[in-house]
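Engineer: Chain residues, written in single-letter form:
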Amino acid sequence: MIIRRLLIANRGEIAVRILRTCQRLGVETVLTASEADLGSVPTRLADRTICIGAAPSSASYLDAEAVVSAAIESRSQAIHPGYGFLSENAVLARRCREAGIVFVGPTEEQLAAVGDKLEARRHAIASGLPVVPGGPVSSAAEARVRAQETGWPLLIKAVGGGGGRGMKQVHDPAKLAEALELAMAEANTAFGDARVYVERYVAAGRHVEVQVLGDGKDVIHLGTRDCSIQRRYQKLIEEAPAPHLEPGLRARMHAAAVAFGRHLGYRGAGTVEFLVDTQREEFYFLEMNARIQVEHPVTEAITGVDLIAEQIAIAEGRPLRLAQDRVTFTGHAIECRINAEDVSKDFRPSPGTVTSAVFPAGPGVRVDTHIEAGSRVPPFYDSLLAKIISSGADRAEALAVLRSALENCRIEGVATNVSMHADIVADPAFRRGGVDTAFFTGRS
Amino acid sequence: MNLTNDDVQEILRLLDASTFDELQLSTDRFKLTLRRSSAGGWTQETETAAASRTQPGGAANGAATLAPQAAAAASAAAASPAAPGAAAASTVEGIVDIHPPIIGTFYRAPKPGAAPFVEVGSVVEKDTIIGIVETMKLMNSVHAGAAGVVAEICAANGQLVEQHHVLMRLRKP
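Residue numbers (this note's numbering), protein chains in the order written: chain F, 1 to 444; chain S, 1 to 173.
Bound conformation, chain F alone:
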């Protein structure tokens, strides 16, 4: 089939990103928006906007029935869910199938297989991937047995989801029972699922992920991204390719991601996340994200592939348009997430109205944003305002472009973390490259 009209069930910069590709491809766009987002830049760019509910996400962007109704009403052939919200929601995928609408994403079975972290771990083991030692626990006694495999310290993680919720580091065996109880309560509140598992806590680890594309039969990879610069498990800076990885290790990670995708018969764009133990030069499977990622532009910058266009082509039922040996990697790219948060007040969120939005432009600079002067930043959603992506022939050039780009980014009306990015980009350890996830905690 050919998708001629696509419904975008998202907001913010990713809605604009999907709109751009649709415009280039000549695909008509229908955008769903909450009451708080009516009048936003994405609603101005879309061919048509449908209001699906009140400002809180639960009344709009998380309402699968409202999204499917809007698609039926607008006679959209497909729904692109973006990231977050309903992007990995098996219920939306099922409702789409029942309504005869194409869900731009993997199958319901694949969403279920990677959405449950223990299930994903089982699939990883079955496809021969290394996993961090550990496993499911439901009591302190079981956790103590597991601790013999994991060693101390260990990490308690939620089965139902990520983002740091339900996650606890335990350094002292005497505090295990208490931490387990707390993690289970937190997991239950966040995901409606109290199940947890334990893993070895890898102190010096880098977060490196591999982008994959699959058509249900064949799977290819589009290289690595390093996302080790994080604060409270939220990524701040990402780059492609992951710097200073031993070539053999990088090749093994590419192969592992493809093996995992093939094992699932994966369809769509996905990301296989790994933890790289820099001391042991080993890597472990963490999880798979079955959607487009926030940081996808760094991969686009070094491969020249429009990942949204590939998602749409796969959703149309076409076989992969790229063979693995046709995927080439040129240069280096780095992305900074510009958030509405006040760095001087412990990263307190800063909703409001943007009075001025000056972004960098020029060779090697790309800005993905939904913000311009007058844009409202509602308190209901995440704080991402823009992504500044720099690229160059090598990492040094990408860093130089980024440094000047950040100087040319001036947003007024809401507080932003631009100055924090400028500090990180000037940091000697970051400039050397290959820092681990403790970088941010270590410097503040």
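Mixed in with the good hints there might be a few duds.
[Said to hold, decoys possible] Simulated pairs of lysine to aspartate or glutamate, EDC-like, Cα-Cα distance not exceeding 16 Å:
hint	chain 1	residue 1	chain 2	residue 2
1	S	K137	F	D382
2	F	K217	F	E316
3	S	K31	S	E47
4	S	K31	S	E45
5	S	K111	S	E134
6	F	K217	F	E109
7	S	K172	S	E152
8	S	K111	F	E186
9	S	K111	F	D193
10	S	K31	F	E372
11	S	K137	F	E316
12	F	K235	F	D436
13	F	K175	F	D215
14	F	K235	F	E273
15	F	K235	F	D382
Treat the hints as calculated values from the structure; they're not laboratory data.
Starting from the known structure of chain F, arrange chain S on it as the hints suggest.
Structural biologist: Frame of chain F; chain S shown alone:
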């Protein structure tokens, strides 16, 4: 017409070699301003006009297509609700107002279905948590700020509250 990033790069290549410091491109839908930056490199600013191709359509399941004007009005309404929480500041002796620390959604209980943190008549200390304000997916505890007894609850559960709104009133001991 919509410019891609590649188009902008192409324009900048030409502009960079010229003596011009600023270029403004505008259509009825879109305005782009490129400026040579004093810090080196270039900056861009955009202005996107409200959609002109919004079509009226049959509404299904409460869904409606909105004209840009209506959209702006609805949006403004969503951002500043006339609400009980917008109560005027108290001037009564011995009464203390509790304001939210930040704009966001007010919750009276730690999670849905749980008992509220406090009720009218609850005795609170300065550090007692009286509610939560959720802003941009972050939960912020609201502390009483003073010792006293909860005299009145002004904001409803799930309501959008701004910093000048009154959440609750305390009677000082």
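Engineer: Hint by hint, note whether the structure agrees.
Structural biologist: Here is what the structure says about each hint:
With a C-alpha separation of about 6 Å, the suggested pair K137(S) and D382(F) falls inside the 16 Å cut-off, and the hint holds. Simply put, K217(F) and E316(F) have alpha-carbon atoms about 15 Å apart, close enough for the 16 Å limit, and the pair holds. Taking the CA atoms of K31(S) and E47(S), the gap is about 5 Å. The hint holds against a cut of 16 Å. Distance check on the hinted pair: K31(S) and E45(S) sit about 8 Å apart at the alpha-carbon level, within 16 Å; holds.
Pair hint K111(S) plus E134(S) holds up; C-alpha atoms about 12 Å apart against a cutoff of 16 Å. Of the supplied pair hints, the one linking K217(F) and E109(F) holds, its CA atoms being roughly 15 Å apart against a limit of 16 Å. For the hint linking K172(S) to E152(S), the alpha-carbon distance of about 12 Å falls within 16 Å, and the restraint holds. This hinted pair checks out: K111(S) and E186(F) have alpha carbons roughly 11 Å apart, not beyond 16 Å.
Between K111(S) and D193(F) the alpha-carbon distance is near 14 Å, which keeps this suggested pair within the 16 Å criterion. As the CA atoms of K31(S) and E372(F) are separated by approximately 11 Å, the hinted pair is consistent with the 16 Å bound. The suggested pairing of K137(S) with E316(F) is violated, with an alpha-carbon distance near 34 Å, which exceeds 16 Å. Restraint check for K235(F) and D436(F): the C-alpha separation of about 12 Å stays at or below 16 Å, so the hint holds.
Distance check on the hinted pair: K175(F) and D215(F) sit about 47 Å apart at the alpha-carbon level, beyond 16 Å; violated. A threshold of 16 Å between alpha carbons decides the hint, and for K235(F) with E273(F) the separation of about 13 Å falls inside it, so the pair holds. Pair hint K235(F) plus D382(F) holds up; C-alpha atoms about 13 Å apart against a cutoff of 16 Å.
Hint compliance for this structure: hints 11, 13 are broken, all remaining hints hold.
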